[in-house]
Amino acid sequence: MFFVKFNQEGENIVLEGVYRVLSDAIYFNLIREDRYMLFVNGLKVSIQLTVFAAIIGVIIGLLMAIAKLTNNKILNRIATTYTDVIRGTPSVVQLIVIYYAILGSSQLPKLLVASLAFGINSGAYVTELIRAGIQAVDKGQMEAARSLGLSYSQAMRYVIVPQAIKNILPALVSEFIVLLKETAVAGYIALDDLTRAGTIVRGRTFDPYTPFILVALIYLYITSMLTAFMGRLERRLRQSD
Amino acid sequence: MIKVVDLHKSFGDLEVLKGINTEIRKGEVVCVIGASGSGKSTFLRCLNLLEEPTKGEIYIDGISLMEHKKDINKLRQKVGMVFQQFNLFPHMTVLENIMLAPVKVKKMPEEEARGKAIELLRKVGLSDKDNAYPSQLSGGQKQRVAIARALAMDPEVMLFDEPTSALDPEMVGEVLAVMKQLAMEGMTMVVVTHEMGFAREVGDRILFMDEGVILEEGTPEELFGNPKKERTRAFLSKVL
Chain Z
325 MFFVKFNQEG
335 ENIVLEGVYR
345 VLSDAIYFNL
355 IREDRYMLFV
365 NGLKVSIQLT
375 VFAAIIGVII
385 GLLMAIAKLT
395 NNKILNRIAT
405 TYTDVIRGTP
415 SVVQLIVIYY
425 AILGSSQLPK
435 LLVASLAFGI
445 NSGAYVTELI
455 RAGIQAVDKG
465 QMEAARSLGL
475 SYSQAMRYVI
485 VPQAIKNILP
495 ALVSEFIVLL
505 KETAVAGYIA
515 LDDLTRAGTI
525 VRGRTFDPYT
535 PFILVALIYL
545 YITSMLTAFM
555 GRLERRLRQS
565 D
Chain F
1234 MIKVVDLHKS
1244 FGDLEVLKGI
1254 NTEIRKGEVV
1264 CVIGASGSGK
1274 STFLRCLNLL
1284 EEPTKGEIYI
1294 DGISLMEHKK
1304 DINKLRQKVG
1314 MVFQQFNLFP
1324 HMTVLENIML
1334 APVKVKKMPE
1344 EEARGKAIEL
1354 LRKVGLSDKD
1364 NAYPSQLSGG
1374 QKQRVAIARA
1384 LAMDPEVMLF
1394 DEPTSALDPE
1404 MVGEVLAVMK
1414 QLAMEGMTMV
1424 VVTHEMGFAR
1434 EVGDRILFMD
1444 EGVILEEGTP
1454 EELFGNPKKE
1464 RTRAFLSKVL
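The listed protein sequences correspond, in order, to chains Z and F.
Note that the numbering used here gives residue 490 to position 166 of the first sequence, counting from 1, and the numbers run on in steps of one.
Note that the numbering used here gives residue 1286 to position 53 of the second sequence, counting from 1, and the numbers run on in steps of one.
By construction, these hints were calculated from the structure, which means they are not laboratory data.
Beta carbons: idealized from backbone N, C-alpha and C, even for Gly.
Please note: incorrect hints may appear among the correct ones.
[Stated by the list, open to error] A few chain F positions that, by computed beta-carbon distances, are all more than 10 Å from chain Z:
hint : residue
1    : M1234
2    : M1299
3    : L1328
4    : V1338
5    : L1353
6    : R1382
7    : E1403
[Stated by the list, open to error] Within a straight-line C-alpha distance of at most 25 Å, the following computed SDA-like cross-link-like pairs (lysine to any residue) qualify:
hint : chain 1 : residue 1 : chain 2 : residue 2
8    : F       : K1303     : Z       : L367
9    : Z       : K463      : F       : S1368
10   : F       : K1307     : Z       : V485
11   : F       : K1356     : F       : S1371
12   : F       : K1288     : F       : K1337
[Said to hold, decoys possible] Below, a sample of chain F positions facing chain Z; criterion: calculated Cβ distance under 10 Å:
hint : residue
13   : N1306
14   : K1311
15   : L1321
16   : F1457
17   : K1461
If we strip away everything but chain Z, and leave its shape as in the complex, we get (with noise of 0.2 Å):
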């Protein structure tokens, strides 16, 4: 082959170097000073972000729904503006003025802003997915929960939303995979994430791709499970119909 060169003693030069190039990567990149951890706390520091973060934007995206749902006019107002502003700006400029701006100054840590900064940021797309979740579940409902008695709102609690969950789930499992994407961002408040911790250990190692590479197969990893769970999610709802 073109690229197989042998030596005198008749060893794969080639093979040789791609050997030593792989492990001085691992080593240097994983395991001298034990920097393996750096990625694992990044992971770590990811991974609460995006579930707090997904709780809150859950807890927004409901609300907001529903204030968008309302025939109040305040509230319509109120929903849709919050939406226009988040989905019309990016999520990184959001982080850095809810950080500097308005949580700079309180003792707040700062894996709470950021979840906060974030879930604010979700909880736009979540609106959006719910409200259309709650507009695909068939009028007819809604008019018999109320012939029945049951106010506005607890037809919503007991009829309406948990129809709605229905066809909003598997949305919200991948709302989740852009989520824990756009934590990579938290890097700019000084949140060592994983990404973070690829730029920490680039700047002790000078390798400017091993960690970076790392750092995409671990989000890769973390995404396909997340999507392998969607698609087992939406055969089960399927199911049940």
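Let chain Z serve as the given structure and place chain F on it in line with the hints.
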């Protein structure tokens, strides 16, 4: 029991109800017939404010609906409704469908509500379906569950909005049988229907609606036997 005075309803520029006046007495079975688009369903839906009247008054037990919109959830408990499309809650079992309103609205203890639901299921002939989901039932079974669900709130009057129109022909009978039984027990009923046989047999009074008004009303014998208005005759000749 229900008194309707000069009821008007418009959707935008379209005036669907143009002044309905009628009274429904306790224990009476009133069947509303008429062509599609004559306003029958809208009239029925106004009776529990699923549609809000543009003008006019509705009194239930002497209480004005229009003046008590805030108490509408209380007033609706007196008025059960059965829909053409059943509108069962698909994520709940049959038993849960029936128990929901008594437990959440009337705050009835769960055990009591369950007992009552089982009793009602027996009444509509579906004792064995208590743990089934609506998707596992036939159309006729769904509609009978829907009737049981409405009855669980002990309504004083039951509204039926074309309850058999979405059913396969062989299932119409089982639903009408339940309704007939209900009528014989003395339930006050307002039934929008295309089932002329049912209207004639079970109805105490027939309202014939045309273009947003009650054009003619009377006992089944009067209305089916000797319709006075030309329009009524034309309609009946097509459906009978």
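Hints, one by one, checked against the model:
no.: 1; hint: M1234; verdict: holds (18 Å)
no.: 2; hint: M1299; verdict: holds (17 Å)
no.: 3; hint: L1328; verdict: holds (14 Å)
no.: 4; hint: V1338; verdict: violated (5 Å)
no.: 5; hint: L1353; verdict: holds (13 Å)
no.: 6; hint: R1382; verdict: violated (7 Å)
no.: 7; hint: E1403; verdict: holds (24 Å)
no.: 8; hint: K1303(F) <-> L367(Z); verdict: violated (53 Å)
no.: 9; hint: K463(Z) <-> S1368(F); verdict: holds (18 Å)
no.: 10; hint: K1307(F) <-> V485(Z); verdict: holds (23 Å)
no.: 11; hint: K1356(F) <-> S1371(F); verdict: holds (17 Å)
no.: 12; hint: K1288(F) <-> K1337(F); verdict: violated (32 Å)
no.: 13; hint: N1306; verdict: holds (5 Å)
no.: 14; hint: K1311; verdict: holds (9 Å)
no.: 15; hint: L1321; verdict: holds (8 Å)
no.: 16; hint: F1457; verdict: violated (30 Å)
no.: 17; hint: K1461; verdict: violated (35 Å)
Comparing the model with each numbered hint stated earlier shows that hints 4, 6, 8, 12, 16, 17 do not hold.
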